[in-house]
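Novice: Since the structure of chain A is provided, determine the placement of chain B on it from the hints.
Chains A and B are the protein sequences, given in the same order.
Those letters in the first sequence? Residues 1 to 85, per UniProt numbering, in order.
Those letters in the second sequence? Residues 1 to 269, per UniProt numbering, in order.
Everything labelled a hint here was simulated from the structure, so no lab data went into it.
Please read these numbers as outputs of a predicted model, since none were measured by experiment.
Facing chain A, according to a computed beta carbon distance under 7 Å, are these residues of chain B, among others:
| no. | residue |
| --- | --- |
| 1 | Val149 |
| 2 | Gly190 |
| 3 | Leu193 |
| 4 | Ile201 |
For every residue, glycine included, the Cβ atom is placed at its ideal position computed from N, Cα and C.
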Amino acid sequence: MSFFDYFKSKKKSTASVAKERLQIIVAHERGMRDQPDYLPQLQQELIAVIRKYVQIDDDMVQVELDRNEDCSVLELNVTLPEHQP
Amino acid sequence: MAKIIVVTSGKGGVGKTTTSASISTGLARRGFKTVVIDFDVGLRNLDLIMNCERRVVYDFVNVIQGEASLNQALIKDKRVETLYILPASQTREKEALTQEGVERVLNELAETFDYIVCDSPAGIEHGAQMALYYADEAIVVTNPEVSSVRDSDRILGILQSKSRRSEMGLDPVKEHLLLTRYNPDRVDRGEMLSVGDVEEILAIPLLGVIPESQIVLNASNQGMPVILENDSDAGQAYEDAVGRLLGEEREHRFLTAAKKGFFSRMFKG
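Okay, chain A solo, but in the shape it has when bound (with noise of 0.2 Å):
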């Protein structure tokens, strides 16, 4: 850093930009890693049972496993629409 840093306003590097950007999307991607194959159709066929009785899009139903050390979770949320007929 030279003397002249000093007096500017401090602003974040951007390597230390690309490193935290780096933790969030690896870490994210590794938990992706360890899911099942099946969940993604798991999903689409959730949503399509959903839709049978309500209107839903797409992003308004996840399905996430959490797995423990003796057992494994599935999450699943679905967001209804406001106004119900």
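Specialist: Frame of chain A; chain B shown alone:
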């Protein structure tokens, strides 16, 4: 028992072939009988880097398909006594590399060689998967740059789930991080991810750091593996990496920028 080492990265252009050429040359220079195989079917380039492009008659795919014997296809290096090159095919499809075919060739090579170095193509498709499938160890070549680090993590996932060792439940493939095109000046200025940053994200042991150097282009221009440039920083960094690969303790060099004088420190960032 031959050891199979894959040089891989996911991303293209990070220095896989340069690394394959130098690591195999370094191993052979220490007396190990070494063969380096180009798995990049259709985009053969190891022959150019090793300066044997005009001596290619038969290739890897010819051997797999029984059109030539291994002895006919192997090219003996002119500089290092115990080094051989098995070039990729320039005309075939990537699918010509069948799993059984690759296994058969590797088994035959393992009878006489100490080290088999597999130069992987870029990507995570068939060719790259064939290159890493039989590996005992993997050198993951990474540039200190976001897309390269992410792709390296991707390839680590494949090593851990789609290699022979993982599928058969054996000891996992031994992973090594090789950081290439490292520029300590830019790291100091906060413009480039540091060795520590990349180690922290990928969380695998560091095999070496190759400084960005003009010598690398100069060497490839002439078909000379960088490691043979004994006086250069990049050449010495590769030599250190070969030592560590063989289990030697070597301090990491070329990680800091050249010391600057008082005035340049005061007035230049």
